[in-house]
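Q: Order-wise, the sequence lines are chains A and B. Note that the numbering used here numbers the first sequence so that position 192 is 192, with each residue one more than the last. Numbering-wise, the numbering used here comes out as the position in the second sequence, counting from 1, plus 1000.
These are calculated hints, taken from the structure and not from any lab test. We treat Cβ as the ideally placed atom computed from N, Cα and C, and that holds for glycine. Among the hints, a few may not be true.
Stated by the list, open to error - A few chain B residues facing chain A, derived, Cβ under 8 Å: (1) I1079; (2) L1082; (3) I1090; (4) V1092; (5) D1093; (6) S1096; (7) L1097.
Unchecked claim - Beyond 12 Å from chain A on every Cβ pair, some chain B residues (computed): (8) R1003; (9) F1006; (10) V1029; (11) I1035; (12) V1047; (13) A1067; (14) N1086.
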Amino acid sequence: MVEATEAVSGQGATSLAWIVAVLPFIAFFLIVGFGKKLPGKGTELGIVAVGAGWVMSLAILWHFVTGGAPTESAVGWFEVGGFRLEIGQAVDGLTAVMLVVVTSVSLAVQVYSLGYMHGDSRFTWFYSMLSLFTAAMLNVVIANNLFQLLIGWEVMGFCSYALIGHWWEEKVNSDSAIKAFITTRTGDIPFLFGIFALVSATGFATNNIGEITEMAENGDISTFWLTAGALLLFGGAIGKSAQFPLHVWLPDAMAGPTPVSALIHAATMVAAGVYMVGRMYAVFVHADPFVLVLVSAIAGITMLIAALLAMVQDDIKRVLAYSTVSQLAYMVAGLSLGEAGYTAGLFHLFTHAFFKALLFLGSGSVIHAVHSNNMSEMGGLRRHMPITFWTFVIGAGALAGIPPLAGFWSKDEIITLAFKEGHYVVWAVAMGTAVVTAFYMSRAVLLTFFGEYRGQGHPHEAPATITGPLVALAVAAASVGFIGAPQLGAPFGDWVFFGEAHAEPFSYGFAAISIVGAVLGLVAGYRLYARWRERDPLRALGPAYALLENKYFLDDIYLRGIVRPIQYRLSAAVDWSNRVILDGIVHAFAYLARGLSAVVHVFDQRAVDGAVNGVAQLTGESGGLLRYLQSGNVQRYAAFLFIGVAALAFVFTRF
Amino acid sequence: MIRIPFVLVFSAVLFSAGVYGVLARRNAVLVLMSIELMLNAVNVNLVAFAQGMQDLVGQVFALFVVAVAAAEVGIGLAIVILIYRNRETINVDEVSLLKW
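From just these sequences and the hints, can you work out the full model?
A: Structure below.
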């Protein structure tokens, strides 16, 4: 990557990528400082910052559209010993695409929040956190070294916590925030150690991603260290991107305001894990092959169990949350397919961001209208909210994989590739999940928008600040898939690739299978949910339904098996260690200090004071003796004088 | 021509008499007079060496000593008078304030 920088004559707009990240960061401080005094309560700052960033991101993407090469630049931050820490940017096609995704979704969400969060008591704070979050995610995207990436990564974790708990007055919300924070932290610890592993594997020479990539490819890092690094880094991705078994936080994160769900828990933060895997892909590819097998196994488990869970949720946001988990697993599965899958997985990341943000914002619009998250209190909304309805349908279609919407292209690419690369299990699971996906989306659409209205009051279409972003995202969700369409040359694969650009794995046969699968799911959904039933038809599944309804009892297992025992034992252990070890150390130091001070005291009294008093006493006594010489009798003085002179005369004359 | 050693012996005796007077006499005026004896013993020495070495510097020096001695006696007697006025005595034993 460094050589590439030297080879490029024109960097285009890429050298300014850091400004995209800095703008929302500045906006954050300005909103915190002055937001409340501004007419828009700080919203204009956030929107202008991310809007400008969006324009710049497009310019940066243009650099790669026109065939530009990756660039990298950095400034020194500080040095510890021989280890130099930089703060810099590495801009390649993936970075450019992610910049566009993050700024687009953030812009849409911030405009949307104008309407959705109107009148909220912490409106300005909300916007400041959105800006900080956006800045952190952009920092992750442009980071050229692992520590800078980690900073953004952790700041996002905090913002996620703050925004999930935005309405902390209700305990369930703050509990969810804590759960999300701690669960993702569980993944962050291996991530941190993964960074340590990789940096130490380079001999503490560098933490630059490009250089580590290069060393991994040249075989300068042993396979053992690469494997360890890859596994640990993937631990971070499991936490952040909500993969099994740490996926449990994401559905609960829906306690946050819906725009937050759209921004953080669909389009960007959860994408950071996948993005990070893509960024550090060389480590995964060159590690022991079982790493990628493990990755694909985790992805396969996650995508299926999450999709099954999405079938039985009544809360519309939880349907989307589980769907997010499932779709993230698609991306991870794509990445696990090797170099060809790199493009496919990240393409799905790209398209998913748009249609999932759209779906979340659409569900927010519905929730805003009916004041409930539960689909059992919705129904028939297509007549009341036509714009929301149509945009939601587009999003749902994209998610279900209906051509020519975005999700079709990216998901089909992964599924086809899985088969062509010989990962038949992944292919089968992905196909099955695709059917389930189509099923639960048709269920969600039918329960929400069709039939008779079952809720309270009279729902109305949302204001323009809400429908505007919906329409914009719907257009994106419908169209962004084409940049990966092989019939149009699949330019996406020319921007984002690992190794060398791969031809898009597309065949009409597989596309047909995918479409059939999706239609199958849709038809099944229609058969079961076209007519509203008080009792969910899936309850016919009996024990299986109970299993799904209880989320495989995973939360219970975590709570009873891990949290509770750890909670009490940990607090007991902490208490014990506090009292015995820490207090012991403190007391030991206190005793030591006392003993030492006693010694010092004696030394002070005897030696120092003794010296001082001794000098004084000596002076006094010698003065007492000498004072007899000082009689005041001038003649005696004169006698001494003469004796002295005589003595001197004697000395001078004799010697 | 008197030989120098005789003169030196004479001045030494004179000086010793002065020293004795300074150390032994109680009367401040006599102490001053004894100092004059010592100074003049020095003068005798200076003049004798000036004559013996044919160098007038010694005589010039002796003249300076005479002038200084005059000034010294002037100041010394003034001090003695002031002491007498203050303390009704010129006994140096009783003027012993210069002590602890």
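Q: Decide, hint by hint, whether the structure agrees.
A: To see whether the hints hold, each was checked on the structure:
1. With a cut of 8 Å, the hint placing I1079(B) at the interface with chain A is violated, because the nearest CB-to-CB distance is about 11 Å.
2. Below 8 Å, beta-carbon pairs count as interface contacts, and L1082(B) has none with chain A, the closest being about 15 Å; its hint is therefore violated.
3. A hinted interface residue such as I1090(B) counts as satisfied when its beta carbon comes closer than 8 Å to some beta carbon of chain A; here the least separation is about 12 Å, so the hint is violated.
4. Restraint check, V1092(B) versus chain A: the minimum CB separation of about 6 Å is within 8 Å; hint holds.
5. Proximity of D1093(B) to chain A holds as hinted, the smallest CB-CB distance being about 7 Å (cut-off 8 Å).
6. Hint status for S1096(B): holds, given a least beta-carbon distance of 3 Å to chain A, under 8 Å.
7. For L1097(B), the interface hint holds, since its Cβ comes within 8 Å of a Cβ in chain A; the closest pair sits about 6 Å apart.
8. For R1003(B), the requirement that its beta carbon stay farther than 12 Å from each beta carbon of chain A is met, with the minimum near 22 Å.
9. Every C-beta of chain A lies more than 12 Å from that of F1006(B), the closest at about 21 Å, which supports listing it as non-interface.
10. With a closest Cβ-Cβ approach of about 14 Å to chain A, V1029(B) is found to remain outside the 12 Å limit, as its non-interface label requires.
11. For I1035(B), the condition that its CB be more than 12 Å from all CB atoms of chain A is violated, with the nearest at approximately 10 Å.
12. With a cut of 12 Å on Cβ distances, V1047(B) stays outside the contact zone with chain A, its closest approach being about 22 Å.
13. Every beta carbon of chain A lies more than 12 Å from that of A1067(B), the smallest distance being close to 23 Å; the non-interface claim holds.
14. Non-interface call for N1086(B) relative to chain A: holds, since the shortest CB-CB distance, roughly 16 Å, exceeds 12 Å.
Against the hints set out earlier in the document, violations occur for numbers 1, 2, 3, 11.
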